[in-house]
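Asker: Residue numbers (the UniProt record's numbering), protein chains in the order written: chain A, 1 to 241; chain B, 1 to 241; chain C, 1 to 241; chain D, 1 to 241; chain E, 1 to 241; chain F, 1 to 241.
FYI, nobody ran anything at the bench for these hints, they're computed from the structure. Warning: the hint list may mix true and false statements.
Simulated pairs of lysine-lysine, DSS-like, Cα-Cα distance not exceeding 25 Å [what the hints assert, rightly or not]:
#	chain 1	residue 1	chain 2	residue 2
1	F	84	E	84
2	F	84	D	84
3	D	84	B	84
4	F	84	C	84
5	B	84	E	84
6	A	84	E	84
7	A	84	F	84
8	A	84	D	84
9	C	84	E	84
10	C	84	D	84
11	C	84	B	84
12	F	84	B	84
13	C	2	A	84
14	B	84	A	84
15	D	84	E	107
Protein chains: 6
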Amino acid sequence: MKARPGGRAPDELRPVRITRRFTRHAEGSVLIECGDTRVLCTASVEESVPGFLRNTGRGWVTAEYGMLPRATHTRNRREAATGKQGGRTLEIQRLIGRALRAVVDLKALGERSVTIDCDVLQADGGTRTASITGAYVALVDAVEVLVRRGVLRDSPLHGQVAAVSVGIWAGQPVLDLDYAEDAEAETDMNVVMNNGGGFIEVQGTAEGHAFRRHELDELLNLAAIGIGQLQARQLEALGQG
Amino acid sequence: MKARPGGRAPDELRPVRITRRFTRHAEGSVLIECGDTRVLCTASVEESVPGFLRNTGRGWVTAEYGMLPRATHTRNRREAATGKQGGRTLEIQRLIGRALRAVVDLKALGERSVTIDCDVLQADGGTRTASITGAYVALVDAVEVLVRRGVLRDSPLHGQVAAVSVGIWAGQPVLDLDYAEDAEAETDMNVVMNNGGGFIEVQGTAEGHAFRRHELDELLNLAAIGIGQLQARQLEALGQG
Amino acid sequence: MKARPGGRAPDELRPVRITRRFTRHAEGSVLIECGDTRVLCTASVEESVPGFLRNTGRGWVTAEYGMLPRATHTRNRREAATGKQGGRTLEIQRLIGRALRAVVDLKALGERSVTIDCDVLQADGGTRTASITGAYVALVDAVEVLVRRGVLRDSPLHGQVAAVSVGIWAGQPVLDLDYAEDAEAETDMNVVMNNGGGFIEVQGTAEGHAFRRHELDELLNLAAIGIGQLQARQLEALGQG
Amino acid sequence: MKARPGGRAPDELRPVRITRRFTRHAEGSVLIECGDTRVLCTASVEESVPGFLRNTGRGWVTAEYGMLPRATHTRNRREAATGKQGGRTLEIQRLIGRALRAVVDLKALGERSVTIDCDVLQADGGTRTASITGAYVALVDAVEVLVRRGVLRDSPLHGQVAAVSVGIWAGQPVLDLDYAEDAEAETDMNVVMNNGGGFIEVQGTAEGHAFRRHELDELLNLAAIGIGQLQARQLEALGQG
Amino acid sequence: MKARPGGRAPDELRPVRITRRFTRHAEGSVLIECGDTRVLCTASVEESVPGFLRNTGRGWVTAEYGMLPRATHTRNRREAATGKQGGRTLEIQRLIGRALRAVVDLKALGERSVTIDCDVLQADGGTRTASITGAYVALVDAVEVLVRRGVLRDSPLHGQVAAVSVGIWAGQPVLDLDYAEDAEAETDMNVVMNNGGGFIEVQGTAEGHAFRRHELDELLNLAAIGIGQLQARQLEALGQG
Amino acid sequence: MKARPGGRAPDELRPVRITRRFTRHAEGSVLIECGDTRVLCTASVEESVPGFLRNTGRGWVTAEYGMLPRATHTRNRREAATGKQGGRTLEIQRLIGRALRAVVDLKALGERSVTIDCDVLQADGGTRTASITGAYVALVDAVEVLVRRGVLRDSPLHGQVAAVSVGIWAGQPVLDLDYAEDAEAETDMNVVMNNGGGFIEVQGTAEGHAFRRHELDELLNLAAIGIGQLQARQLEALGQG
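Extracted from the complex, chain A is given alone in its bound form (with noise of 0.2 Å):
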């Protein structure tokens, strides 16, 4: 069996680091380090909702996403500049926010929006799952701001989550892909759980071949040790652990 390029076992994560309050303006501000990923997530409270929502009662929770011109190995146009978001980088933005709703009672929220923007600092594989694994951070620490403030009695929040990507790599299945794995594994997969071993989101391409059922189950299997690992790290960051 291939060892992996940084030496970790097949169900290892790369070391995870999560800072709070990294900057000052926003309700939450998360940067969160998955080995060389590093990605900044802050949570904005706003005081409206889009227009579908107005009236309602309920509230927003919803994400944008960006990379850093220069966050990859080698410079990518700026979105802004070409003039608009490419269809990569809106599937990951639509992927974070309903994994954050998935935890989310938009009605105890009441008629506002949190606006959570994950921009990669720097890349190395597995960005948009530690965009929402932070993302969740900074999220508790919005809520827990209008919590503070009075303006909510209680956290709308009613779960936890955190997300991993798994893969087949050299023909065996491997936890938490970085850069280098990701450019050859054979499958990729993301999943998105929450804190009851609950699937949010599942999702599997196959990049060189087909994968099969056991392919598929060792998979999972591997993801929920890693999402346990990841909600953990959530916890002591929130002082909870």
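Assemble chains B, C, D, E and F onto chain A, guided by the hints.
Answerer: Only chains B, C, D, E and F this time, still in chain A's reference frame:
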């Protein structure tokens, strides 16, 4: 156990109809009907490739997806008029493209492109999976044209691909959700498989509450049944049944 | 005198087929086929009007036009992907809208809109005139729905409208040019008339050499003949023939 | 019979003034004034052609049209700021381009382009027809520059083109409508003719009620009178009168 | 010391001509000519303000800048056609707006807007400073209209503003550079001043080598001389000289 | 004399921190912190140049500027999502590019580009001047990489550049305004200088009332002091202090 709106069994597909040569000009032109969902899939061959493939000797297969403004219950704004394709559209057309490329030997295709346009004339749930199933047939037809014209010696297709949606509706796993079911489903999953029983893409999303592992397993079983039947229909339509 | 490609007499229309209720959701949905040209015309009613009509008590009828990318011999770029509608598209949809409004009492329609989407599934010349002829039938159906629902007491339509192309091909005036004829025509004219024999729109363009007054006269005579027959087909399709 | 706002006879043009060399840099630069309508037409020669003409040996003549934001009674949004040219603008510039190309031998022009920019400084009806009439003079000047420079041996122009609007106002056919008349007209027609009395473009639109054949005939007669006079003015301005 | 292209003294302005009421519809319409640079400045009053000023009782003065495609030696692409205003355009129109607002009491203007459109008909250097100088006169005229109509009791203008460019050309500081001088200048500075001798804007850029403090001082002296003369011309044009 | 919010002397900079190699992939990557303003400046080398420089043997240095949506007190819309960069963004990135090019011999750089991305992670006034100061250090690092790799023999940099803001706040000239000061300042000036004491760019704007010549002089004196200190910090960071 609650009965499905159309009276179908949980593991029953909607009636499928595949009409080849629906329009005249395209190298492949297929109208696929899955119940009331109707998608026109045309395959266009062009003797050029995107910039990143120039002078590599490799070809490209890609897809574009669109929905006529009144394919749905209420009219949607025309994307050409709003000036951009929405995130959902981009996400779907990326999915269709990946699914098709999974069964094509791009080197054997040579430095040319096949673009599959999937335009939804009428929507009743499952438009992205119907698009994949129909697009495969259009792709076979387009490739046959290349073989007949002597451009290619053999077909560069090395597999067959089809897709279906499954979900948890009224507490039970069901196959091939129509719009009414989809709107009420707690979990929605799109599955793309090849004819060897391998998974090409699995995308599951919890709409209401997170889904459990055993639910995921049942959904994948249902998907495998449905996709087997859809692949039989594809072969029938192609006169290979 | 050179024979027309399809063997038609100079004053002979291509076979016309008008299929109502082609799709389910729209208030009016008509597939019109003029030879190999096929356009899907759907009429959508919305209980709102553009800004300039708000609080005037007047309604609006407008049109949008699109062509599926592979409706033609070679694939055209999808306008939604290029990010804007081309000049030809805008010109055509403005023409369709004006033609329809010429037979609608907008005050009687009340403060609501009918949008007619004309989407070309297959193109073989005359798509803009086929769109007008089909759109009228879809508009009648949509208005009937409003009457049946009790929203309107009477139809706000005060006339019938149809359109046809005429041109000078191989030196002779001919009716209803197909794509091959159109590409070779020296003069091309689109004519829109009502059922009282009045002109709503006349658009003639010299492609090769300028046309003389007597040629214009002959073309208008041909157009009147063709439009009379098209209006008979509209009435037949509507069960009023 | 109601008198026209400016006291003109029904077949009377507004005063026309054509000023050549209005600006310095362009190969042709003409200010045309038709009553209070003032359009600056500049012709720019470029030694390149659009992609579809490359290596064909053929040249291109095209037009762009714009209106200064406050050329009209109330300020219009600047198209550069809104991010796109409206349908009316595109329609007009396509018309101007076609009209000019009708008198140019593109093969004799050689593989180069002439772009005519028609910018309306002040609008009082008839801006598109004034643009065509002025653009022709600018084109002659630009072509002369090419001949003087020895780039071309002879002028590739094989005819003269001018345009005018006619319409039915207060029940009577009138020539060259100003803004006030145009706003009240029942029918509005733009006519483009060459100096051989041939029609290059006829675009008639019923605004109020449909127009009858005899009305169309009278309008075309008026247009022929007006265009004859405009062509005389063009020749005068060019010193060929 | 090298002589300037036009034979001007280092501290000599080009001939200035200010023509009021150049077009009919705008509340203020001024053609300013500084040598061969010609800019049409129109001021349009609208009884509304941008969103951020609604219900504040304060008004707004803003500017838009454009250049006709062939105002320059070679044709530039029309910004309306490219779909966006370039960085240079936005920078210039922001500068013009700031310069004008520096002499307006926005509270006294009341909740209405004045938009100054500065459209360059012919460019020969110094278009942004000519725009400011001309725009001031157009603004005075527009405000006078409001006073004459009784909308405002007094003019909300509390100062006069004009602008000029200065630069180091051929080693010497010169006033009011034309295009040929500007293209060769080592340093280019735009200066906006009010009639009290105060600076409203100073923008200096080293093109070739960095400029020294004493050079900056000389440039500002030259600018003060030029602006004094331009302000005299403004008053003359306004009949207050 | 009123005390500054942070208790600084009028001629005192905020604490400056320059961290090199802040991210891994870019040839130069610098985090600059000026008080609470934090900008990440990455320099990316590409072996190509914009079209206007192709085959000239000359290189290019350019900059792009962005602000994370929640770098500020309230969230700004993401420019990638609005579909264009605003005027302020374009103005700033043009300024940064000009400032850097002033110290680069583009011929010595050879036909390649260096793009400096300045992304504001947290904003507290002076983001554009901090960007220039940080970008210079990133540029030095990128150029060093080219020298180390043997691509260039010597550094094409012939000077050092830094920038600072100065302004008149509470009636007194002050150095390096933070956001709170900037919002209240009557005059705001950005100054860019090289290490020879020459001015590269001077941009002063009167916000409240026009500034006098002696005020301008005092501001430039302050700027020279600040920039001298910033250049010392740059050298220290580069290990050349």
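Asker: Now, for every hint given, state plainly whether the structure supports it.
Answerer: Hints versus structure:
1. Restraint check for residue 84/F and residue 84/E: the C-alpha separation of about 9 Å stays at or below 25 Å, so the hint holds.
2. Proximity of residue 84/F to residue 84/D is assessed by CA-CA distance (about 13 Å); at most 25 Å being required, the pair is judged to hold.
3. For a cut-off of 25 Å, the pair hint linking residue 84/D to residue 84/B stands: about 13 Å separates their Cα positions.
4. A threshold of 25 Å between alpha carbons decides the hint, and for residue 84/F with residue 84/C the separation of about 16 Å falls inside it, so the pair holds.
5. Of the supplied pair hints, the one linking residue 84/B and residue 84/E holds, its CA atoms being roughly 16 Å apart against a limit of 25 Å.
6. A C-alpha spacing of about 13 Å is found between residue 84/A and residue 84/E, which places the hinted pair at or below 25 Å, so the restraint holds.
7. Straight-line distance between C-alpha atoms of residue 84/A and residue 84/F comes to about 8 Å, which keeps the hinted pair within the 25 Å bound.
8. Proposed proximity of residue 84/A and residue 84/D is supported: the alpha carbons are some 16 Å apart, at most 25 Å.
9. For the proposed pair residue 84/C and residue 84/E, the alpha carbon gap of about 13 Å is at most 25 Å, so the pair holds.
10. For the proposed pair residue 84/C and residue 84/D, the alpha carbon gap of about 8 Å is at most 25 Å, so the pair holds.
11. A C-alpha spacing of about 8 Å is found between residue 84/C and residue 84/B, which places the hinted pair at or below 25 Å, so the restraint holds.
12. About 13 Å separates the Cα atoms of residue 84/F and residue 84/B, which keeps this hinted pair within 25 Å; it holds.
13. Of the supplied pair hints, the one linking residue 2/C and residue 84/A is violated, its CA atoms being roughly 53 Å apart against a limit of 25 Å.
14. A C-alpha spacing of about 8 Å is found between residue 84/B and residue 84/A, which places the hinted pair at or below 25 Å, so the restraint holds.
15. Of the pairs offered as hints, the one joining residue 84/D and residue 107/E is violated, with about 34 Å between alpha carbons and a cut-off of 25 Å exceeded.
Checked against the numbered hints given earlier, this structure breaks hints 13, 15; the rest are met.
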